[in-house]
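K.L.:
In case you want the letters, here they are:
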Amino acid sequence: MRIWHFLKYYLHDLRKQKKRAGLTVLALVWGTFSILMLLAFGEGLTRQLDKARLGLGDNIMIVWGGQTSITHQGLPRGRKIWMRPDDDKLLERLIPEIKHAGGEYHRWGVDLIRGKTVLSQHVTGIPPSFEEMRTHYPSAGGRMINQADLDMRRRVMYLGYELKQKLFGDEDPVGRLVELRGIPFTVIGYGQDKMQMGMYSGPDVDKASIPVTTFKAIFGDQYFDNMVIQVYNTDQSEYVKRRVYEVLGAKYKFSPDDEDALGIWDTVEGMKQFNAMMLGIQIFLGIVGGMTLLIAGVGVANIMYVVVKERTREIGIKMATGAKRRHIMNQFMLEALLVCFTGGAAGILISALACYLLGLIPVNSGNDAMNWLGRPTISTTIGVIVASILAVIGIFSGLFPARKAAGTNPVESLRYE
Amino acid sequence: MPNGNGTIINMQGIHKVYDTGKVKVDALKGIDLKIQRGTFAAIIGPSGSGKSTLMNILGCLDVPTDGVYEFNGERVDGLHHNRLAEIRNEQVGFVFQNFNLLPYATALENVELPLIFKGVPTKKRRERAVELLEKVGLGERVSHLAIELSGGEMQRVSIARALANNPSLILADEPTGNLDTKSGRAIIELFEELWQKGHTILIITHDPNIPQRTERVIHIKDGQLTENGNGAH
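Note that the protein sequences, when read in sequence, are chains A and B.
Residues in the first sequence are numbered consecutively from 1, following the working numbering.
Residues in the second sequence are numbered consecutively from 1001, following the working numbering.
Worth flagging that the hints you see were computed from the coordinates, not collected in a lab.
Misleading hints may appear alongside valid ones.
[To be verified] Covered stretches of chain A, going by a simulated chain B footprint (3 or more residues, C-beta under 8 angstroms): (1) 313-319; (2) 324-330.
[Stated by the list, open to error] Calculated cross-link-like contacts (lysine-lysine; reagent style DSSO-like; alpha-carbon spacing at most 27 angstroms): (3) K404/A / K1182/B; (4) K309/A / K1118/B; (5) K309/A / K1022/B; (6) K324/A / K1118/B; (7) K324/A / K1124/B; (8) K324/A / K1123/B; (9) K404/A / K1197/B; (10) K1034/B / K1182/B; (11) K1124/B / K404/A; (12) K1221/B / K1124/B.
[Unchecked claim] Residues from chain B shown here face chain A by an in silico Cβ test under 10 angstroms; the list is partial: (13) K1024; (14) L1033; (15) D1062; (16) F1094.
Quantities reported herein were computed from a predicted structural model and do not represent experimental measurements.
Don't be surprised by glycine CBs; every beta carbon is placed ideally from N, CA and C.
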């Protein structure tokens, strides 16, 4: 069949049966829209959650000192394990799979004074590697704590975004002073307003951070409250964990098999579970949407059966003038595919428009629903998946009616009124 | 090819049984029929006599239940449906009582139909279709839709369509049945003209005027042939 000839007939059918054709296409548009929006919301949710997860850090694990539960080298159970300020360097040196290791101090309820504002805040002492490990990315115009700050124990302070808002409002805090325990600290930068899902000591946006060496000098802490370790490769996190037990076990004389001697929160493990869960959610949403689209496909098949019936005489005429079964088959297959294509294309356009419009609504970083659902995203993968589903549905909804058409007896169809 | 010599249709002991499950209908009961190239023949008989069944088998639209049918020297009983479609396409031209045109296609597109299935390229196809429509006197109606034409004109379009691939046989089933006397006469004259140019034409009809003008008349009754008239075979 020549495509043009066929297209003309298709368009003629559309004109003749506007409502019927319209409803069929509408079902497809709706089906496509449903599956696309469900997947787009899923994708947007995944990306937002991923961003929030990165608010804590990428590929990191948090290590705390624990209590021994196994006697080791003649030492009793129940010993407290404290991590000393050079342990991070020790781990970095002995375990090459570690990218960064950094110890951290915490103090809650520390008074911060700026002018007439007095706030009781959480203050941490951190190394520069936290910029990368814990995504302490400074806002434009400021910087994070650097090695020179540590070396010289500078009295500099890096503020979380919310804390900066409380102390300075919309003013630029860089270069201004904040009093901590009566000691003036210069603000060198403040963090970006970030989403943070996982946390072990409160959200970063509420913290004031100072160089880890300065912290030790002021507060006199002997031990790290915790360490943060970043691995190069997520596949090595189990091995690195094991090595941390071995290295610190050798130093503090506890068995490397003593799980309670250290507390380790492996966010890499969590991330893997998180990814698996999100994939599960995406598959679920895809199935729900696919079902909707499938129903639309059943509608197309139905209509195609009716069309085949209506065109019985046309089929007979074509067969009498020499059409082979495959000619007839192709015609109806093409028609079903075209219906699906029309509906699918319209559905995709509408979905893309909906995503664009939703994207225009600003999302504030509070933990409201818009944060998670306000950013539907149609990725290439989603596009390919939906297009494939549409194609499969088009083929199947056309196949059976087209086979019926091709199997028509030419004698009977010529007599059909 | 028209204008040749020899046998175009050779049927021996053709039976057609319609089996509807419970009832078996013997539509054709042992037809023997030979038709030479270049013949102009009429097949007449009362309704229910098996005329249409015979025509369907003659035109390779249907296959016989039993018997041997040679068309243009080729055994066609029991052929694969694709080959039958090719024979219909290239060697048979049908003209129906109710025209069987695609109603929302133009006269040109209707005539092009057999050429499309033969795979003739667009330009050649168009030229051929216009030429045929001019031949049947519809040169002015090329781009009219089929439904916009009168009965006589529609039948001319269907004759033009039947001639598209220059078939060896033109089969007409009651071609004047739905036409007024004048248009009917004109159609018969067109057939005569085609016959004189060498086409083999078989007309199945009730119309008493047609057998008077054909060289051979074949009677069919209760699925069997009886012949009179001036046909020699």
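K.L.:
Determine for every hint whether it applies to the structure shown.
P.N.:
Right, here's what the structure says about each hint:
Against chain B, the segment 313-319 of chain A contributes 6 residues with a C-beta closer than 8 angstroms to a partner C-beta. That satisfies the three-residue criterion, and the hint holds. Judged by the Cβ-Cβ criterion of 8 angstroms, the segment 324-330 of chain A is covered by chain B as claimed, because 3 of its residues qualify and three suffice. Restraint check for K404/A and K1182/B: not satisfied, since their Cα atoms lie roughly 42 angstroms apart, outside the 27 angstroms limit. Proposed proximity of K309/A and K1118/B is supported: the alpha carbons are some 26 angstroms apart, at most 27 angstroms.
Our distance criterion of 27 angstroms between C-alpha atoms is met by K309/A and K1022/B, whose separation comes to about 26 angstroms. This hinted pair checks out: K324/A and K1118/B have alpha carbons roughly 10 angstroms apart, not beyond 27 angstroms. A distance of roughly 21 angstroms separates the Cα atoms of K324/A and K1124/B; the hinted pair therefore holds under the 27 angstroms criterion. The hinted pair formed by K324/A and K1123/B meets the criterion: a straight-line CA distance of about 22 angstroms does not exceed 27 angstroms.
The suggested pairing of K404/A with K1197/B is violated, with an alpha-carbon distance near 41 angstroms, which exceeds 27 angstroms. This hinted pair does not check out: K1034/B and K1182/B have alpha carbons roughly 32 angstroms apart, beyond 27 angstroms. A threshold of 27 angstroms between alpha carbons decides the hint, and for K1124/B with K404/A the separation of about 33 angstroms lies outside it, so the pair is violated. Taking the CA atoms of K1221/B and K1124/B, the gap is about 44 angstroms. The hint is violated against a cut of 27 angstroms.
Taking 10 angstroms as the C-beta contact cut-off toward chain A, the hint placing K1024/B at the interface is violated, the least distance being around 17 angstroms. With 10 angstroms as the threshold, the beta carbon of L1033/B stays out of range of chain A, its nearest partner Cβ sitting at about 19 angstroms, so the hint is violated. For D1062/B, the shortest C-beta to C-beta distance to chain A is roughly 5 angstroms, which falls under 10 angstroms, so the interface hint holds. Against a cut-off of 10 angstroms between C-beta atoms, the interface hint on F1094/B holds, since the closest Cβ of chain A lies about 5 angstroms away.
When each numbered hint is compared with the structure, violations occur for hints 3, 9, 10, 11, 12, 13 and 14.
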